[in-house]
Amino acid sequence: AAADRATSALREKTATELEALEATCAAKREALEARVTSRYNADADRCIEAARSAERKVDDLASDVNKKLGLRHDEVKRSVEQGIDGVRKALVATVEKLDGQQKSTIKNINDALAARDQA
Numbered sequence: 001a002a003a004d005r006a007t008s009a010l011r012e013k014t015a016t017e018l019e020a021l022e023a024t025c026a027a028k029r030e031a032l033e034a035r036v037t038s039r040y041n042a043d044a045d046r047c048i049e050a051a052r053s054a055e056r057k058v059d060d061l062a063s064d065v066n067k068k069l070g071l072r073h074d075e076v077k078r079s080v081e082q083g084i085d086g087v088r089k090a091l092v093a094t095v096e097k098l099d100g101q102q103k104s105t106i107k108n109i110n111d112a113l114a115a116r117d118q119a
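Under our numbering, the very last position in the sequence shown is 119; numbers go up by exactly one each time.
Simulated from the structure, these hints should not be mistaken for lab results. Careful, some of the hints might be misleading.
Simulated pairs of lysine-lysine, DSBU-like, Cα-Cα distance not exceeding 30 Å [to be verified]:
(1) Lys89 x Lys67
(2) Lys67 x Lys57
(3) Lys67 x Lys77
(4) Lys107 x Lys97
(5) Lys89 x Lys103
(6) Lys57 x Lys68
(7) Lys89 x Lys77
(8) Lys13 x Lys28
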């Protein structure tokens, strides 16, 4: 009977210790989960802020590029227009020169025909 009581007492003590150990483990697990969640949230917040910062930097760079392209666009447009105007003037001068040569040739032919007719 004494052995049964000792076994029963040991069983109760073991059950109580197991319950206490389970409660301690559950509390530690909850604390660990809270720390992990907190650390995860902090990491997520840092990542979100870094992404926002990168997005702002990209927007700033895009704005700078657009400004620079806009300035260069005006220069390029002006240069192209000057180039086109130069080509136009050169073509007009060439046409006028060819027209002058053609008129001169026609005059020379007419003069030669008139001289032949008089001869």
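A quick look at each hint next to the structure:
no.: 1; hint: Lys89 x Lys67; verdict: 33 Å, violated
no.: 2; hint: Lys67 x Lys57; verdict: 15 Å, holds
no.: 3; hint: Lys67 x Lys77; verdict: 15 Å, holds
no.: 4; hint: Lys107 x Lys97; verdict: 15 Å, holds
no.: 5; hint: Lys89 x Lys103; verdict: 21 Å, holds
no.: 6; hint: Lys57 x Lys68; verdict: 16 Å, holds
no.: 7; hint: Lys89 x Lys77; verdict: 18 Å, holds
no.: 8; hint: Lys13 x Lys28; verdict: 22 Å, holds
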